[in-house]
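Student: One letter stands for each residue in the lines below.
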Amino acid sequence: MDIELIEIRDFLTQHHPFDLLPDEAWDRVLSTIESSYSRRGQVVLEAGEPCEYLYIVRTGAVETRSPEDDQVLARLSAGECFGVHALLNPERKAVNRATALEDSLFYMLPADEFEALRRAYKQFAYFFAPLGAERLRDAHTHANVSGDRDQLGFITSKIEDLLQREPVVIDMGTSVRDVAQKMRENNVSSLLVCDDKELGGIVTERDLRDRVVADALSFDAPVEKIMTPNPITLNANALAFDALVTMSQNNIRHLPIVRDNGDLAGVITNSSLVQHQSTSAVYMVGDIHKRDTFEGIAEVVDRLPQLLCTLIEAGANAYTTGHIVTSIADAATTRLLKLAEQKFGPPPVPYVWGASGSQARHEQTSTGDQDNCMIIDDSYDPDQHGEYFKAVANFVNDGLHACGYIHCPGDVMARTDEWRQPVSVWKDYFSKWIDEPEPKALMLSSIFFDLRGVWGDMSLLEPLREIIAEKAPLNRLFIVHMVGNALTHTPPLGFFRNFVMIRGGEHDDTFDMKLSGVVPVVDIARIVALESRISASNTFERLSTQIDSKVLSSSGRRDLLDAYEFISITRLEHQVKQIRRGDAPDNYLKPEELSNFERSHLRDAFSVIKTIQSAMANSYSIG
Amino acid sequence: MWEVLKGLGLRRRWLAYKAAGNPMAPLYATPRPSPWTPLEDVEFVALDLETTGLSPGKHEIVSIGWIVIRNMNLVYAERGHWLVCPEQDVTGESAVIHTLTDDQLAEAPPLCDALENLFPVLAGRVLIAHHVKVERSFLKRACKTCFELPFQVPAVDTLELEKRTLLRRGDHIKPGALRLDAVRARYNLPRYKSHNALMDAIAAGELFLAQAAERAGRKGKLKLRDVSR
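Protein chains in written order, with the numbering used here: chain X, 1 to 623; chain R, 1001 to 1229.
In short, the hints are calculated from the structure, not lab data. Since the structure is predicted, the reported quantities are computational estimates derived from the model, not experimental observations. One or more hints might be untrue.
Unchecked claim - Chain X regions said to be covered by chain R (calculated; three or more residues, Cβ under 8 angstroms): (1) 26 to 34; (2) 55 to 61; (3) 98 to 109.
Claimed, not checked - Capping the alpha-carbon separation at 20 angstroms, the derived lysine to any residue pairs in SDA-like fashion look like this: (4) Lys440/X to Glu541/X; (5) Lys1219/R to Gln42/X; (6) Lys1221/R to Asp523/X.
Here a beta-carbon is modelled for each residue, glycine too, at the ideal position from N, C-alpha and C.
With the sequences and hints as input, model every part of the structure.
Tutor: Shown next, in the form of structure tokens:
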């Protein structure tokens, strides 16, 4: 390359994707480009006309509009490209009209050279891939490599990967002596007790101490006398973090792990986990369970912003971060319920405390509004039990409020009578919402169809899940309305200098990452879940479940996942920056905060969401 | 008017005859675009010379930068940045004005060789420079010295074009207002930090595109005569 042209090369390499071109490519680029100039208002490319170049804005600005309805599609400033669509179709005809908004100088890369570069440099080609999803995947690997995974590697690993040995199993009826001998032989501190291959209990060293030696029990006594029957178990796909939380919450040291098919996979012990882990989330959960007052719990929850920073700076992805941050809300809820039961006595009839909204989805990023409800066993008698549950609900709602999970402005809380009801009433609610999808019902559906039990008798949720699974997929009117609802929030078109471009040529100063980025994807994932009877409430899990969906193809779901991850992580990084500056975290992103790399990837994420939204609108004849 | 054009044509033919076998022959043998040629069909060469001073009698050319404009696009594939070995020792002054080192210049070909390569580039094309008088006077003198022939090439001066635009608008021209960087800024063209002959040729070429676009905005489709007067 002529050193004389270094300034032109420097300009281009400041902009994505030209920064991806290696040194050896530049000789060719600078020996093939051309340059042209357009006055403000001049049409640079006319839709349908041949386009022989990739245009790169050097100075000035350009607006592209669709030829059909003259809608603004994008505004481009220095370093941004247009003519891409034209060059990707074999006819090389401009798809949209491009007009200079200001006096502009362009660099023009000839079509053949553009193609040669895309063939030679894969990363460069990704940038121009039609849907942009490839690029987003690329951006993830980028981000994941750069983050420091060491700290997180452990608590975000799957339990399956941490199990060190096959479970050591004994049969029911084995004597206490044989239990101790088997422990010695295998050098383990616990045994799983099976009844015809079914897990019936767990026996630990501590049981031998407390229930055999201390109580002078006969060594010939059967293991049933000392074991813990029907122990709490965890799925092998759960995270090590979940195991720690489960053990911490239940004050146990051994946790049997089962596979999806019900087979025993092994045992995770407290000591094996604690010696590894180094992140504060688990300590926070443990700490919350030691606190006895609102203030005490609030003190721990106050450390949440710090936790968020630690996670994001260590390179955690949005899924893991949501999971861990939400576990703090779960711990606070559980602790408050335990305190309530200490204060008001044990529940007179079984109930389950349900979380809805982002807590149900494991997608919290900070404390925010609380959304919750109580589902009580049908043996509930309002006259007899009403006061008890009302008192518990009030106590927990107020406790959460004191911790920063403020009272829900829409009163979607267990303390509201309507949302503290027996199963049969909830069944009627759900049936009605599905059968008569009027606006309020749709709003409530989108809150309560993300529902997860936090504490209590989880089996009470089953009848509600059944109703949803039975009715929702078959009720087309309901699905159509949910789709319509999901299309009310749309992502912006992109960025232009320090503005966010929105439909109709309008612009905003900030991008609302929650309402215009996260919510549209969450809504789509909920519909996929309803339609395909997916019980997961987390958006990532809903979209990565292997199913045949009429709403969204598997490649569409994969693209949407990537878009969601990129928007979510951008939002989290934005919040971490605010926390580090001492500001309150929010969802409003100013374009000037974004690097060129982030801008172009966000634009890709928007286009993935928009494409899927309009495909849904078409197949349900909405819009 | 017609007489003048006819006269020039005759003179050029006479020069072509006289230049047969001379390295300058292509310059006169290649037909020139007529003033009525649409601008898109004219080929231009934006050119800049770096010299040791402003006086062709005393100072020397040390580098030549050029780029072709075709279909009103700058074509980077056809460009050049040539160093010229000066006859006199230029240590001192050149080091201040130029980024070229004495060693680089010492290895470069002499001016007459560089010019031989330039004639095929200029043949049939219209020269563009900012304040073309300087380029023209240096090239004229060099051609006389090396080849004993006059340097006759049609040219467009971006400085002249700008002056006329400002005067037509009735603007008072402030000192420095016609300098290349100042004029470029008025057209929203980038400010270049480097000032080698090639970047300055590119800068003049871009300015010409901008000026032509501005005129086309007022007058519609342009012919060569619309920018050469």
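Student: Given the hint that Lys440/X pairs with Glu541/X, test it: the Cα-Cα distance must not exceed 20 angstroms.
Tutor: Outside the cut-off at roughly 27 angstroms; violated.
Student: What's the verdict on Lys1221/R and Asp523/X, does the C-alpha distance respect the 20 angstroms limit or exceed it?
Tutor: 54 angstroms, violated
Student: Under the criterion that the straight-line Cα-Cα distance not exceed 20 angstroms, is the pair Lys1219/R, Gln42/X satisfied?
Tutor: Holds, at roughly 14 angstroms.
Student: Can you confirm whether chain R covers the region 55 to 61 of chain X, using C-beta to C-beta distances below 8 angstroms and requiring at least three such residues?
Tutor: With 3 residues close enough to chain R, the hint holds.
Student: Has the region 98 to 109 of chain X got at least three residues whose CB is nearer than 8 angstroms to a CB belonging to chain R?
Tutor: With 5 residues in contact (Cβ-Cβ under 8 angstroms with chain R), the coverage given for the region 98 to 109 of chain X holds.
Student: Given as covered by chain R, does the region 26 to 34 of chain X meet the bar of three residues or more with CB within less than 8 angstroms?
Tutor: Holds: 5 residues of the region 26 to 34 of chain X have a Cβ under 8 angstroms from chain R.
The structure fails to meet hints 4 and 6 from the earlier list, while all remaining hints are met.
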